[in-house]
Amino acid sequence: MTITLHDYSLSGSCYKVRLMLGFLGLDYDRRQVDFYPGRQHKRPEFLAINPLGQLPVLEDDGLVLRDAQAILCHLANRYDGGGTWLPRDPARFGPVMMWLMFAGGELMAASSARLHDVMSYDLDIDAARRSARAAFRVLDDHLTHREIDGATWIVGDHPTIADLACFPYVALSGDGGIGHEEYPAIRNWLREFRKLPGFHAMSGIPEYV
Amino acid sequence: MTATTDPVARNEWIACGWLGQIRPGASHDTMVLGQPIRITRKAGDGYRIAEIGEDGAEGRELPVQTRYTCIFTTLGEPSRPLPEIAEFDEPDRIVVGCGNVGVNTSPYRLVENFLDMAHFSFIHVDTLGATDKTEVLAYRTEHRKDVDEIWAVDCTFFQPAASKAVKGGQMTRYQYRVMSPFSVMLYKNISEDSDRNDAICVFIQPLTETRCLAYMPMAIVDNENTAADIADFQQSIFLQDRVILENQRPALLPLDPTYELPTRADASSIAFRRWLKAMDIRFGIYEKQAA
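Chains as they are written, first to last, in my numbering: chain L, 1 to 209; chain C, 210 to 500.
Possibly wrong hints are sitting among the right ones.
Chain C is faced by these chain L residues, among others (derived, beta-carbon under 8 Å) [unchecked claim]:
(1) 9
(2) 10
(3) 25
(4) 32
(5) 34
(6) 36
(7) 117
(8) 118
(9) 120
(10) 174
(11) 203
(12) 204
Cut-off 20 Å, straight-line C-alpha distance, at most; resulting in silico cross-link-like pairs (EDC-like, lysine to aspartate or glutamate) [stated by the list, open to error]:
(13) C:486 with C:321
(14) C:373 with C:296
(15) C:342 with L:207
(16) C:376 with C:433
(17) C:251 with C:270
(18) L:195 with C:335
(19) C:251 with C:264
(20) C:376 with L:29
(21) C:373 with L:29
(22) L:42 with C:296
(23) C:376 with C:341
(24) C:373 with C:402
(25) C:376 with C:438
(26) C:373 with L:34
(27) C:486 with C:215
I should point out that these hints are in silico values taken from the structure, not numbers from a laboratory. Quick caveat, the model's predicted, so the values are computed rather than measured. Note that CB positions come from ideal geometry on N, CA and C, so glycine has one too.
Using the sequences plus the hints, can you model the full thing?
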């Protein structure tokens, strides 16, 4: 049984999956996809694997999965025996799903800003930064309440796939010209996340925060 | 900004696109030195570049050259040709560009970062540097007057993974070469054969004084990895640099030697700044405000 990740080093969405595989101690094969400048993810060979033309894609034991959030759910469901990354109890499952959707939805504005600044994507950069800041505000307010309650993570007492899914594009936002100055609770949370055993940074995440 | 009037900057060849960026028959609008330009790829091959006026219409046509995976133009009368980099003509090498990467700083900060070895152990941990081996050994700098280039030679640095092809740490030998204010490269000895160096360039397109696009053509000796693997390695390195580049203040480069304090490891930067000062370049340079 082999896990294969269709991967691009500079993709924050691929990084979500690489982090999860690392935290779970899973070995995997890596297929390098020339996302930029080659746009290999839009070529027919890749569209046969993922008709949406998006990274990452995970192949696991006959399953072919797209969407970073779906892949995190799959990996946690299948390989996390302790069940801490994806808690199943009613008090936590729903909130974890809610923040997971936020990571794949509203937070992706920070990814757009980064694609604009780094890879010259033609999009409305002011709108992207505005949307990203609005999402960061929501997350920072939530984490502030969590701090007041003596908690560290987005949901519950352990890091979950909600934290994991939110981390990359928040941590990488400087690449898109969005600093963390206005988000003190986010900064505290980023520091705690970096201390997790098995954590590794990717290019663009400031080493000294 | 409006187009710079600085004749020194205008008289340089400047990268403004990469081959494959524009489809045949299509055009791409961009900017060099504050001047909006339109690059049109002709139906066959070849490119046409024209200034775009304030009314949006195409104006003066500009010279074009394509080489080293890039498209070059100039706003003036270049006094120096494009540099000769023989490694790009060797048929057994992998020649790869990396598209371009946007960086919000002045072009010279990019050149200086590329010349700097002292940051390897802190920014490129486990690849170009190791946290327990930080010393930049003494090296020499030269102003080669025949070609008017700045060189740094006899550079060595301990690298845990000097390139995609290397397995295990080694003392890597480098030579650095600054060919113009907007272009720099290095020769890096990777293979057993000491005559065969990887050639890695950075050509900088200054959109404005503090916004640039960086092109990274490479001619690499590597029998194992694909062009995509090599580009991925280089892009990963560059995005680590990008974080520190965008945090340097001021973004414009000060040429006053009292403004920033260099150490011995900065000898190449000192030579570069002296050279810029001697050519009296103004574009992208930090001018001290009067008290």
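Now the hints, each set against the structure:
no.	hint	in the structure
1	9	holds (5 Å)
2	10	holds (6 Å)
3	25	violated (19 Å)
4	32	holds (5 Å)
5	34	holds (4 Å)
6	36	holds (6 Å)
7	117	holds (5 Å)
8	118	holds (6 Å)
9	120	holds (6 Å)
10	174	holds (6 Å)
11	203	holds (4 Å)
12	204	holds (5 Å)
13	C:486 with C:321	holds (15 Å)
14	C:373 with C:296	holds (18 Å)
15	C:342 with L:207	holds (18 Å)
16	C:376 with C:433	holds (12 Å)
17	C:251 with C:270	holds (14 Å)
18	L:195 with C:335	holds (19 Å)
19	C:251 with C:264	violated (23 Å)
20	C:376 with L:29	holds (19 Å)
21	C:373 with L:29	holds (17 Å)
22	L:42 with C:296	violated (32 Å)
23	C:376 with C:341	holds (19 Å)
24	C:373 with C:402	holds (17 Å)
25	C:376 with C:438	holds (15 Å)
26	C:373 with L:34	holds (15 Å)
27	C:486 with C:215	holds (13 Å)
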